[in-house]
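Visitor: Those protein sequence lines, which keep their order, are chains A and B.
Each residue of the first sequence is one higher than the one before, counting from 1 in my numbering.
Each residue of the second sequence is one higher than the one before, counting from 1 in my numbering.
These are computed hints drawn from the structure, not numbers from a lab.
There could be a bad hint or two in this list.
With beta-carbon atoms standing in for the labels, derived distance ranges [claimed, not checked]: (1) A:F353 to B:R112: 36 to 44 Å; (2) B:E159 to A:R3: 21 to 29 Å; (3) B:Y10 to A:L682: 51 to 59 Å; (4) A:T716 to B:P39: 40 to 48 Å; (5) B:T5 to A:A733: 55 to 63 Å; (6) B:D66 to A:E706: 47 to 55 Å; (7) A:G21 to B:T5: 29 to 37 Å; (8) A:A733 to B:E159: 57 to 65 Å; (9) A:I390 to B:T5: 49 to 57 Å.
Glycine is no exception: its CB is placed at the ideal position from the N, C-alpha and C atoms.
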Amino acid sequence: MIRNYLKTALRNLLRFKIYSGINIIGLAVGMAACMLIFLYVQNDMSFDKFNKNYNRIYRVVDIWTQNGSVARWSLTPTGYANAFTNDFPGVKAVRLSHGNGPVVIKYGDKLFKTDGVILADSTFFNVFTFPLIEGNPNEALAAPFSIVLSESEAHKIFGTIDPLGKTIRLLNQFDFTVTGVAKDPPRNSSIQFSFLASFTSLPGIYHAPASILNNFNSNDYYTFLLLPKGYQVESIRNSLPSLLTKYKESDIGFYEREKLLLQPLSDVHFSTNLLFDFPNKGDKQYDYILSGIALFILLIACVNFINLSTARSATRAKEIGIRKVLGSNRSRLVRQLMMEFAILTLLSAAIGFVLIELFLPAFNSATQAHLSTNFFDNPLMILSFVAIWILVVVIASSYPSFYLSSFQPVATIKGPSGSGSGRSVFRKSLIVFQFAISTFLITVTIVMWSQYNFLKSHKLGFDGRQVIYLPWSTEIVKNYDAFKQQLLQRPRIESVARTGWLPGNPYDIEGYTWAGKSGGRSDSYYTMMVDPDLASVLRLKFEAGRDFSRNMPTDWSQSFVINEAAAKRMGWTAPEAIGHTLNSSYGEKGKIIGVVENFNIKSLKHEVEPVVMSMDSTHSQRSIVAMRISGKDIPATMTYIKSQWERFSPDFPFDFNFLDESFGRLYNSEQRLSGLFTTASLLSIVIACLGLFGLAAYATQERTKEMGIRKVLGATIPQVINLIAGDFLKLVAVAALIAWPLAYFAMQKWLQNFAYRLDIGLWIFIVSGAIALAIAMLTVSSQAIRAATANPIESLRYE
Amino acid sequence: MIKLTAIEKYYENRVIKTFVLRNINLEVKEGEFVSVMGPSGSGKTTLLNIIGMLDAPSNGEYYFLDEPVHKMSEKRLTELHKTYIGFVFQSYHLIDELTVYENLETPLLYQRVNSNNRKGRVAETLDRFGMVAKKDLFPNQLSGGQQQLVAIARAVIAEPKLILADEPTGNLHSEQGKEIMDLLKKLNEQGTTIIQVTHSETNAAYGNRIIRLKDGWIEK
Chain A
1 MIRNYLKTAL
11 RNLLRFKIYS
21 GINIIGLAVG
31 MAACMLIFLY
41 VQNDMSFDKF
51 NKNYNRIYRV
61 VDIWTQNGSV
71 ARWSLTPTGY
81 ANAFTNDFPG
91 VKAVRLSHGN
101 GPVVIKYGDK
111 LFKTDGVILA
121 DSTFFNVFTF
131 PLIEGNPNEA
141 LAAPFSIVLS
151 ESEAHKIFGT
161 IDPLGKTIRL
171 LNQFDFTVTG
181 VAKDPPRNSS
191 IQFSFLASFT
201 SLPGIYHAPA
211 SILNNFNSND
221 YYTFLLLPKG
231 YQVESIRNSL
241 PSLLTKYKES
251 DIGFYEREKL
261 LLQPLSDVHF
271 STNLLFDFPN
281 KGDKQYDYIL
291 SGIALFILLI
301 ACVNFINLST
311 ARSATRAKEI
321 GIRKVLGSNR
331 SRLVRQLMME
341 FAILTLLSAA
351 IGFVLIELFL
361 PAFNSATQAH
371 LSTNFFDNPL
381 MILSFVAIWI
391 LVVVIASSYP
401 SFYLSSFQPV
411 ATIKGPSGSG
421 SGRSVFRKSL
431 IVFQFAISTF
441 LITVTIVMWS
451 QYNFLKSHKL
461 GFDGRQVIYL
471 PWSTEIVKNY
481 DAFKQQLLQR
491 PRIESVARTG
501 WLPGNPYDIE
511 GYTWAGKSGG
521 RSDSYYTMMV
531 DPDLASVLRL
541 KFEAGRDFSR
551 NMPTDWSQSF
561 VINEAAAKRM
571 GWTAPEAIGH
581 TLNSSYGEKG
591 KIIGVVENFN
601 IKSLKHEVEP
611 VVMSMDSTHS
621 QRSIVAMRIS
631 GKDIPATMTY
641 IKSQWERFSP
651 DFPFDFNFLD
661 ESFGRLYNSE
671 QRLSGLFTTA
681 SLLSIVIACL
691 GLFGLAAYAT
701 QERTKEMGIR
711 KVLGATIPQV
721 INLIAGDFLK
731 LVAVAALIAW
741 PLAYFAMQKW
751 LQNFAYRLDI
761 GLWIFIVSGA
771 IALAIAMLTV
781 SSQAIRAATA
791 NPIESLRYE
Chain B
1 MIKLTAIEKY
11 YENRVIKTFV
21 LRNINLEVKE
31 GEFVSVMGPS
41 GSGKTTLLNI
51 IGMLDAPSNG
61 EYYFLDEPVH
71 KMSEKRLTEL
81 HKTYIGFVFQ
91 SYHLIDELTV
101 YENLETPLLY
111 QRVNSNNRKG
121 RVAETLDRFG
131 MVAKKDLFPN
141 QLSGGQQQLV
151 AIARAVIAEP
161 KLILADEPTG
171 NLHSEQGKEI
181 MDLLKKLNEQ
191 GTTIIQVTHS
201 ETNAAYGNRI
211 IRLKDGWIEK
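Could you put together the complete structure from these sequences and hints?
Guide: Listed below in structure tokens is the structure:
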């Protein structure tokens, strides 16, 4: 019996190649797309869960409230680690620094640049699951100036030599002994490292007393806790306030209220709005949306299947009628048809697998994800693929099976009935459904790209184009003036400045008070250590007052330049602010000498932040060299800068960034999302059109005789084309009407994420509708035109 | 074997009832060869479909082997018709995707005949109808007469008590038609009850009784 079914199935498949092809390929693409998106979401959801104890690991989050504004720190003072281990026996704590920017490493006479060295407590390998290839996990990070290398770094630096016990020099200054080699951290780890140095090196590096390891007033390091098995996290959470009062030695007058939170490790990847958090962020909301879209794409593909199978029912009806006459009952027919569809979809699944393998690299580059092609290692993935297949079999084939098997044999045997393509209400609604989703996705994609471009082209208050900045180097810091003079000899290097940070890069916060301030405590402001040239490098515009000046001795330590937002928050207009005295919480005191127009230091998701700039007489905090160069012949200018760099700082590799590019990287996640949506909407429209193509082909074939008769009666070719195409295009238009308002509301909501957002213009809807309609028109009319231009005698002869 | 009492069949829409069959009273005994005749639209095919349980009457009673068909469940009907009734159609209605052999095999599959038994019966039937050489051909590779031969073979392979033939020779030229009619006659002589619908007096004469229908009534 099964052989009999199989034979009919295969022969049917081969006899109707176009329909089978459309069905199989459409489903394959749908399943592949669905799978890719699930892979992406799974990867996102799996973040940090490779840690064996991830559900017992928490990060301490420190929240300050002052004057109604809240600073949420992912960093904590160093002292909390000990506080937690003392007060809660069995709890393990590990402190981590965040990568402090590029560091140069010297081994023998070879130089290597790294993305950063992370300081970590010796408990690091006990708390987290990062296996050591060499070295003792309990002791590798115990002694000061020990360092553990990632496998790939060890290979890069040492090649085949055993690195254990070797000495490498960091920053041309500190000698570290290699005590271990760790496996590279997995991609789905929030904590990424290539070098881990022992936390106990901290006093040595900063030439600071050991108390730096146990302070409570400077939020500089991540603190992670590993709770013992069976420990109630709530019991710690409840005693957090008392822990604070117990250990906090003094109120540094900076904040009104402090609160500690314990954040589960599995939430770290998804947390937003924490200061100095890890860079690689996911968004659960987007993950859910994407999963939804994946399902919708799958549904679109299933709808094709349903539509094409039922549209073709006339061809199939005869066989079904005969089988019924020969004694098959309905449930047997349903089984037969289901099995046939299951085979078809299995073929799709196989092709889908191949498609995933083929397109994963492209998908990875479009979404900046790092999904592995080798997902046979991933049992969950295989399982979900099987689940998707079963889902497809159930959704796509159950309706056609029941529909087809319901035919009354008497009716079907009499001859093909007229229940053809595009005519039943059910089929029409399904087409509308498909194109509504496609149009929705197209609209969403356009809005996302527009917003992305809007963000990138929005005025930021500073000019980051042709501003390049160089990495930190001890030699350059020492010989900065000479270096600067050499650079400025070139007319194409317009200005050179030193600064603590630049817009989009890490920043610092400090508290300020001033005479006449209501409430005794200080307010926090973003602070920037700058020099008198930064304003011209960034092309900041002065609203009132003046810039710092090298010739005014008081400017070095007793003056501030603020931005308008800061002035506003202090309660002054720009001119009013000039001359007021500010006191910083670190004891600096000075007059406001200038107010600049607002400029964005964070991505445009955020409003302009208030900024206080000061000069730093010790030079210690201004480590970035930034310069504005002319747009002409940039390569030659770069060559010159490089030659000067190598002259002044031979031990540090030359590495530069353009400010506008690095600021643009703040929108990586928006870019990634737009990429995903582009892929999704493209796929959905392609699959939907595939189905439309099949239906149009069928409708054309079915109505060939009618078209012939109409032509003989004098219908023009456009009239005949309209006969077929008109039906379908009306449906696409209806779909657009449904999709537009949905897309509008969805995008309004999405845009709330941005402080700066574009207005959703009418043009977006017109364009998205036009795209859907145009693609549908092309698909349908190709069929209709062929039939319409054929000689009517041809079609009538065969009756 | 078959007893129809006051069978009526009509189609209804909001305005009118269109009668296809009216007050049909008919009895067919085992071993009979009945020809149903009448002009187009007189209800011949509908009558045949009702007898074959492919269609249900609007009113009236139908006993098949003394069982009340009009009261039966769908399942029992399928059971009954697949065990006792074979069909032959004017346009053959073979399954295009299956070969001659597989077409013959299909009714046996639905009756859950086991594999060895099935093979034997198909081989025997192929032999009996002289189609052994053609067993691997598809229907569209056969002539009309040959296709009808396959269709009859398929109808008899399950050894039905009753064969219903709806204009079995309608699409055939006279030479082939005669062969088919001879075959039916032979089957009847071997004991199979046959009811055929036909336009041709010649073919009707093969039967031992003629029922004439006109506008849904049996002409007396």
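Visitor: Just to be sure I understand the hint, the distance between the Cβ atoms of A733 (chain A) and E159 (chain B) should be within 57 to 65 Å; is that true here?
Guide: Holds: the Cβ-Cβ distance is about 60 Å, inside 57 to 65 Å.
Visitor: Taking 36 to 44 Å as the hint, is the beta-carbon distance of F353 (chain A) and R112 (chain B) inside that range?
Guide: Holds - the Cβ-Cβ distance for F353 (chain A) and R112 (chain B), about 37 Å, lies within 36 to 44 Å.
Visitor: Taking the beta carbons of Y10 (chain B) and L682 (chain A), is their distance inside 51 to 59 Å?
Guide: holds (56 Å)
Visitor: Is the gap between the beta carbons of G21 (chain A) and T5 (chain B) within 29 to 37 Å?
Guide: Given about 55 Å between the Cβ atoms, the range is violated.
Visitor: Can you let me know if the beta-carbon spacing of I390 (chain A) and T5 (chain B) is within 49 to 57 Å?
Guide: Given range 49 to 57 Å: holds, Cβ gap about 51 Å.
Visitor: Mind checking the hinted window 40 to 48 Å against the Cβ distance between T716 (chain A) and P39 (chain B)?
Guide: Because 43 Å falls inside the window, the suggested range holds.
Visitor: For E159 (chain B) and R3 (chain A), compare the CB-CB distance with the range 21 to 29 Å and indicate the outcome.
Guide: holds (23 Å)
Visitor: Given a hint of 47 to 55 Å, does the C-beta separation of D66 (chain B) and E706 (chain A) actually sit inside it?
Guide: Check passed, 51 Å falls within 47 to 55 Å.
Visitor: Can the suggested window of 55 to 63 Å be confirmed for the beta-carbon pair T5 (chain B) and A733 (chain A)?
Guide: holds (58 Å)
Hint 7 from the list above is the single one not met by this structure.
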